[in-house]
Amino acid sequence: MQNSEYNFSKIEPKWQKFWADNATFKANDFDSRPKFYILDMFPYPSGAGLHIGHPEGYTASDAYKRFKISQGYNVLHPMGWDAFGLPTEQYAIKTGKHPKETTKTNVARFKEQLTKIGLNYDWDREINTTDPEYFKWTQWIFIQLFKKGLAYVEEKPVWFCPDLGTVLANEEVIQTNEGPISERGNFSVERRPIRQWVLKITDFADNLLAGLDSLDWPDSTKRLQTNWIGRSEGSRVTFAIDGYSESIDVFTTRPDTLNGATYLVLAPEHPLVSKLQSNEQAEIIKNYINKAKLKSDLERAELNKDKSGVPLGAFAINPINQKRIPIWVADYVLISYGTGAIMAVPAHDDRDFDFAKKFDIEILQVIDDEGSAKKNTDGTLAEAYTKEGPLMNSADLNGQDSKHAKQLVIELLTQMKSGKIEVNYKLRDWLFSRQRYWGEPFPVLWVTSKDYEKINQLFKPNGNPVESVIDGEIRLAVVIPEKQLPLKLPEIKNYKPSPDGQSPLSKAESWLNVYFNVSSGEIYKEPKKGAIQAKRETNTMPQWAGSCWYYLRYIDPNNSERIIDSAKEAYWKTPDLYIGGAEHAVLHLLYARFWHHVLYEIGVVSSPEPFKKLFHQGIILGEDGEKMSKSRGNVVNPEVIIEAYGADTLRLYLMFLGPLEAMKPWNTKGIEGIARFLRKLWRLLIIDNNATLNPKIDLQNTSTLDAESERLLHQSIEKVSKDYESLSFNTAISQLMILLNQMTKLEQIPKNAYEVLLQLTAPLAPHISEELWRHLGYNSSITEAPWPKVNKEKLKSDSVKIIFQVNGKYRGDAILPKTYSKESTIELAKNHPRVQAQIIDKKILKEIYVPNKIVNFVIK
RNA sequence: GCCCAGAUGGCGGAAUUGGCAGACGCGCCGGAUUCAAAAUCCGGUACCUUCGGGUGUGAGGGUUCGACCCCCUCUCUGGGUACCA
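Those letters in the first sequence? Residues 575 to 1434, per the numbering used here, in order.
Treat the hints as calculated values from the structure; they're not laboratory data.
Since we're looking at a predicted model, the values are computed, not measured.
Some hints here could point you the wrong way.
[Said to hold, decoys possible] Here are the computed lysine-lysine pairs in the DSS-like style, where the Cα-Cα straight-line distance is at most 27 Å:
1. K721 to K1099
2. K609 to K591
3. K1000 to K977
4. K1319 to K1296
5. K1296 to K1396
6. K1363 to K1325
7. K774 to K1109
8. K881 to K949
9. K730 to K860
10. K1270 to K1319
11. K1363 to K1396
12. K1201 to K1270
13. K674 to K710
All chains, please: the whole structure from these sequences, using the hints.
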């Protein structure tokens, strides 16, 4: 080894141990300093270990944490494990190894890797979603949702593969020309209705929409959630059916076009389809519906852009003009949105237009396009005119504008009791169960309707009972007493789902069948007096469940009595900054907000929104500019980088690659620049391997910096602080480089100045900074030293650079006193040789003068 | 199709109330040090040029004394979403 070598492999483990031993980053409940809660999206501890994407966001939050601590905040920055999930379960199916064991191994490895990067957390607050002491409270929240009537059960079609004997997620199914097949094994798969738990997130649609306004989130993410919730205002219109007592309700956002409705469409699943079909059509309709059944909503959209449908042979009566119009069944109408039926106005809706063209149905224009629509040579519409405008062909309403006509039509319909104003949402209720082993069991028992009546109201929902068919008979759901939580997973031998698509838990007979005391809720293995026979729910919760509320548990991780202590909740509140990938922009962030709104309503938390400020870190691509993946062979392993360059270099370089929020390619070559920066920082203080301090560093602080260096120092404090605050680490680092380069040129550096440089560098490169700080004679962590302050006086300058332009082009400049007059400045500009060369023999049309900035001559 | 984000040297990127385009770093070129290498240090590096200057921030137009920045149209790239009535 050479002289004065910066030996990161020796330094880094030493300081990692120091931080752990001294609990440097412990968050103190009720501390008098202002609190700051920084949250990272916690990882799924996969068997593959960390990839380079993890340290990116985590380094940013770690640096921000150290910065905030130095600024005097009591910082909470915890970490945990989102450890339920499919890969672990599949590993168990393959190897027979219990998911619990796999999780333990993986967590240990992740923890070790994080530590090596210098990511230090308050591990006393570590949580793990698979820990019964944690999921006890996930189950507790479910019980509250159940009791509030926000949970229900429904048969929902999901992908099922008979050959594999398992339910498949959407992404495990591949669409081919021959139909859908399984990703594993290429077996054919089918849609099969399976009993599912569903949460009524739609009850909170308006709250979730309104809550967005108050959040400091990226606009694009807010917009994504807004679109996902998809609120649309319109009206419900009731059509009578000619010759039947039933009627058909439709939802429309364009009641102004009601006179242009020339047919009605029912979704294939609509209950009236079977009643309304005429005999001669029955066979055709049956075939059509069967075909539609095999497709998911998604597929219908993708594979069936070409419209299809069958007329039912029945007719509806338009309430506004008594016109008799045909009723069709077509799969471009979805049962899951609105009423599952629409009024078709082909002149003013693209889909209806396509359909009407194909089946030669009347197209009646009722909105005047005023010459702006595309027309055929015969004057008919060549495509639907979907804009608003004055009405035509609409009797009394002719000439009214769409906006006003909408109101008039709704009023009219309301009077006639044939419709009303209505709001619809794209948002669907949340499918909240999986037929898997490795998830939270539902704290639910199924009982017969006869026994249900005897059961204490405590275990039942407010409102309607939850009902389902279990093993061929109707059963009702009750929850188990909170005292019995956590309800743990039973030990089983085979983690495979049963052949009928039920969860593996359905095979755990002794766990499954129990006796339930109707008043106390106690559960027995054997029949007892006062106890009825009951069957446990065999579904488990989805991975979202545990991640929906984990940020709350960090505040009070070991509380066995309550989900969270109110006083602690009042102190820490919700995260002040949440950093995580944009891939969770909708689902995770919406589900968590939903639960938080519910917890707010029942008084568990003191504010309705969980994440005030949100930041998405970007993705790091491989060196080839493609997404990192094993199959591409472009994966960068952080451990390899740490071995070669050290953790500080990795951290700095990750932040230096580009803006935190951007998607950016990794480039191993570029890391040299950062490595040089750190070596230079080291050598400026330590000149040999005996740790001799550089005599240029004035330890007595008797010297002063020259004015220019002094200004740069304070500019750097200002710039770096501002950049850290906004997580613009890339530009902060470039400023640190400029400052270090300047200091390197000096003959004498006051110790104070070097210390400022170290402190500014410390959040991003903590190990080397701590080590050098120690060499300067300090015994405590550098994060405990107060953050450097800007001296605004030092930033001031009496003179300023004025730019000289001719016709907006730079021709020269001059450093002038700020007090220099307009006239003198212009005079000086005119005399500048390069300016003069331009303006000589030319006429100056205009002289632009912006004080302290520019002079611009406009010439011809 | 719709919604969103983006396009700047060989590369990553910087520059915002509209005022020097290319900070900082990589790479490359030249030099110093060295027996040699590593490491280190110094200088150069958008393009063209007749060395006066000219041209340049995806393309075209516009507003302005002045546009990477604001407006319109288009191309391409990435992400999200998908018959939502």
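Hints and how they fare:
1. The straight-line distance between the Cα atoms of K721 and K1099 is roughly 25 Å, inside the 27 Å bound, and the hint therefore holds.
2. A distance of roughly 25 Å separates the Cα atoms of K609 and K591; the hinted pair therefore holds under the 27 Å criterion.
3. Using a Cα cut-off of 27 Å, the hinted pair K1000 and K977 holds, with the two alpha carbons roughly 23 Å apart.
4. Our distance criterion of 27 Å between C-alpha atoms is met by K1319 and K1296, whose separation comes to about 26 Å.
5. This hinted pair does not check out: K1296 and K1396 have alpha carbons roughly 34 Å apart, beyond 27 Å.
6. For a cut-off of 27 Å, the pair hint linking K1363 to K1325 stands: about 16 Å separates their Cα positions.
7. With a CA separation close to 24 Å, the supplied pair K774 and K1109 stays within the 27 Å bound.
8. With a CA separation close to 22 Å, the supplied pair K881 and K949 stays within the 27 Å bound.
9. For the suggested pair K730 and K860, the alpha carbons sit about 21 Å apart, so the restraint of at most 27 Å is met.
10. Between K1270 and K1319 the alpha-carbon distance is near 11 Å, which keeps this suggested pair within the 27 Å criterion.
11. For a cut-off of 27 Å, the pair hint linking K1363 to K1396 is broken: about 36 Å separates their Cα positions.
12. Simply put, K1201 and K1270 have alpha-carbon atoms about 47 Å apart, too far for the 27 Å limit, and the pair is violated.
13. This hinted pair checks out: K674 and K710 have alpha carbons roughly 16 Å apart, not beyond 27 Å.
When held up to the earlier numbered hints, the structure conflicts with 5, 11 and 12 and fits the remainder.
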